[in-house]
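Trainee: Starting from the given sequences, assemble the full structure and let the hints guide the process.
Protein sequence lines correspond, in order, to chains A and B.
Reminder that position 17 of the first sequence reads as 17 in the working numbering, one-by-one numbering, no gaps.
Reminder that position 358 of the second sequence reads as 358 in the working numbering, one-by-one numbering, no gaps.
Hints listed in this document are in silico derivations from the structure and should not be mistaken for laboratory results.
All values reported here derive from a predicted model rather than from experimental measurement.
For every residue, glycine included, the Cβ atom is placed at its ideal position computed from N, Cα and C.
Wrong hints could be hidden among the right ones.
Partial list, computed: chain A residues near chain B (C-beta under 8 Å) [said to hold, decoys possible]:
| no. | residue |
| --- | --- |
| 1 | F36 |
| 2 | G40 |
| 3 | F45 |
| 4 | V51 |
| 5 | A55 |
| 6 | A56 |
| 7 | I58 |
| 8 | V59 |
| 9 | H60 |
| 10 | D70 |
With beta-carbon atoms standing in for the labels, derived distance ranges [said to hold, decoys possible]:
| no. | chain 1 | residue 1 | chain 2 | residue 2 | range |
| --- | --- | --- | --- | --- | --- |
| 11 | A | N42 | B | A247 | 34 to 40 Å |
| 12 | B | R98 | A | P44 | 24 to 30 Å |
| 13 | A | G50 | B | S97 | 18 to 24 Å |
| 14 | A | P44 | B | T254 | 41 to 47 Å |
| 15 | B | E390 | A | I58 | 48 to 54 Å |
| 16 | A | N42 | B | E242 | 39 to 45 Å |
| 17 | A | D53 | B | A245 | 37 to 43 Å |
| 18 | B | D127 | A | G50 | 36 to 42 Å |
| 19 | A | G50 | B | S81 | 44 to 50 Å |
| 20 | B | G167 | A | G50 | 24 to 30 Å |
| 21 | A | N42 | B | E233 | 38 to 44 Å |
| 22 | B | N100 | A | N42 | 34 to 40 Å |
Some chain B residues close to chain A (C-beta under 10 Å, calculated; not the full set) [unchecked claim]:
| no. | residue |
| --- | --- |
| 23 | G4 |
| 24 | I37 |
| 25 | V129 |
| 26 | L204 |
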Amino acid sequence: MIKQLKLATTFLIATLVGFLQIYAAAGAQNQPGRLFEIAGMNVPFEQRVGVDDGAALIVHFSGDTRGSLDVCG
Amino acid sequence: METGYFTADERNTHGHLRPDVVTKNDWVLNAYSQFPIDVFNVSSHDLRYVADLLSKSASVRSRETAPLLSRLVSANTVAVSTGLPIVKPFIVREVPSRQNGAKPIRVAFIGLTETEPDPPRGLKFIDFVEAARHSVSEARKVSDLVIVLAKIKSQNEITRIARETPGIDVIINGNAGSLEDSFTPPVYVGPTIIVFTPFETRMLGELRVYRSAQGKFSTKQRFVALDEMLVPEDPTAKRIVEAAAKAESETRITSSKSLESWLASARTRGGTAEPHGSGSSPAFVTSAACSKCHVDQYLKWSNSAHAHATDPLVSRPLEFDSSCLDCHATQTQIARGSNMLEGVRLPNVQCEQCHGPGSDHVAKPAKGYGRITNMQSFCVSCHTVDISPEFKLQTAWEKIKH
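Mentor: Below is the structure:
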């Protein structure tokens with residue numbers, strides 16, 4: 001019984017490690033370094049629009065609104 | 001900046017924008033006249049509405065429309081007749097430098113669109129990469145930074161543009177087609193960074209550009225959540241949204257009521273021999289009158305699609321506008337140039353739609369009435385290439401030959 005439990009635990013850990021490695025590889029492929037940040041709903045409004053960090057210019061972009069004027073949060 | 005698909009494009013059976021969709025889009029323009037966007041990429045989805053705007057003469061265009069038209073870009077949408085872009089392939093904006101004495105930063109914005117859905121008649125799309133190469137080469141001469149605004153769903157295609165077009169600094173692409181692919185993280189393809197517009201702008205994209213002391217550019221991408229909990233509501237924007245919703249709803253009601261009203265009046269007159277004419281000119285007597293002598297022809301007609309041409313309108317009240325009756329009803333002489341909603345058009349495509357008003361012939365059945373000399377030009381006035389792309393006169397004639 002104990003042997004079976006050990007075997008199951010080892011298998012579970014191995015699977016988890018494998019999954020994390022795959023996930024990390026995918027993440028690294030999509031995000032070389034730190035390519036982006038998200039100002040989510042938990043961020044106060046003043047900080048969402050961003051602080052002046054010396055940027056030479058800022059481009060805000062939108063798209064795919066398909067004639068809708070409503071806010072899709 | 002707008003990466004494209006900013007207008008609605010729900011279409012009717014014949015591929016034209018529905019009346020309520022046109023109203024909706026008119027309000028989008030109204031909103032953008034008060035909350036300006038600097039550059040709009042015209043996607044294939046926006047093209048039908050935009051092409052209609054462009055086809056109107058400058059005097060007809062509204063005050064709101066004109067400034068927007070000057071901000072449209074598309075490098076790969078061209079006129080079939082000239083091969084030239086229908087709007088500017090790119091626009092250059094100058095941003096004052098924050099460093100003392102330094103020159104302003106010139107940023108070129110190039111527009112690219114996917115090739116589905118098909119463009120309206122008279123326009124065509126050319127290859128993205130070919131268009132991008134040409135425009136980037138031109139834009140590089142007059143700018144410090146080149147940004148492509150794109151609406152291209154295929155990840156392979158957007159990557160191909162970055163890989164095969166030297167000189168693009170940033171591509172901002174609207175690729176999301178549904179909530180499932182609502183967010184795509186930025187990727188580098190060589191020196192070009194590709195960032196993606198979140199689906200339906202559920203987050204606002206932000207591209208921050210930095211210039212080093214040596215004049216080199218670098219970027220940072222942010223995505224800002226939009227919600228009504230913490231983001232304060234703008235009273236003017238709220239008023240526009242409410243007015244737009246009301247106008248759209250009213251257009252739907254108008255379409256439905258116009259159809260109901262016309263159908264009601266048409267039902268009362270459709271099969272009668274009540275004359276519809278004006279003054280001394282011959283009057284319309286309806287197919288019922290023709291059937292009294294031309295039984296075989298009447299039977300052939302009554303089993304044809306022409307005898308049921310009004311039927312498709314009944315189940316599509318939202319698509320209805322007066323132009324539907326040009327081909328789905330019989331135009332009497334009075335109807336030409338007058339308001340069809342007064343009820344002067346007969347239901348279905350009856351005998352007299354092709355043969356002309358028959359009152360004189362009924363009164364004096366002489367030979368020579370109703371001959372059609374140029375059937376091809378007559379039929380294609382309704383069976384156009386857009387509406388009936390498969391239409392062939394000989395095949396069609398065999399079905400209704402009489």
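Trainee: Note whether the CB distance of N42/A and E233/B lies within 38 to 44 Å or breaks it.
Mentor: violated (20 Å)
Trainee: How about A55/A: closest beta carbon in chain B under 8 Å, or not?
Mentor: Status holds, d = 4 Å.
Trainee: Given G40/A as an interface hint, is the shortest Cβ-Cβ distance to chain B below 8 Å?
Mentor: holds (5 Å)
Trainee: Take the shortest C-beta to C-beta distance between L204/B and chain A; is it under 10 Å?
Mentor: holds (6 Å)
Trainee: Holds or violated: the 24 to 30 Å window for the beta-carbon distance between G167/B and G50/A?
Mentor: holds (28 Å)
Trainee: Would the hint on A56/A stand, with a C-beta cut-off of 8 Å toward chain B?
Mentor: holds (4 Å)
Trainee: Does the hinted range 48 to 54 Å hold for E390/B and I58/A at CB?
Mentor: Given range 48 to 54 Å: holds, Cβ gap about 52 Å.
Trainee: Would the hint on V59/A be counted as holding, given a Cβ-Cβ threshold of 8 Å to chain B?
Mentor: holds (4 Å)
Trainee: Is it true that R98/B and P44/A lie within 24 to 30 Å of each other by Cβ?
Mentor: holds (26 Å)
Trainee: Would you say the C-beta atoms of G50/A and S81/B sit inside 44 to 50 Å of each other?
Mentor: holds (46 Å)
Trainee: Can the hint on H60/A be confirmed by a CB-to-CB distance to chain B that is less than 8 Å?
Mentor: Where the cut-off is 8 Å and the nearest Cβ of chain B is about 6 Å from H60/A, the hint holds.
Trainee: Closer than 8 Å between Cβ atoms is the bar; does F36/A clear it against chain B? Give me holds or violated.
Mentor: It holds, given that the least Cβ distance between F36/A and chain B is near 4 Å, below 8 Å.
Hints 4, 16, 21, 25, counting from the list given before, are not met by this structure.
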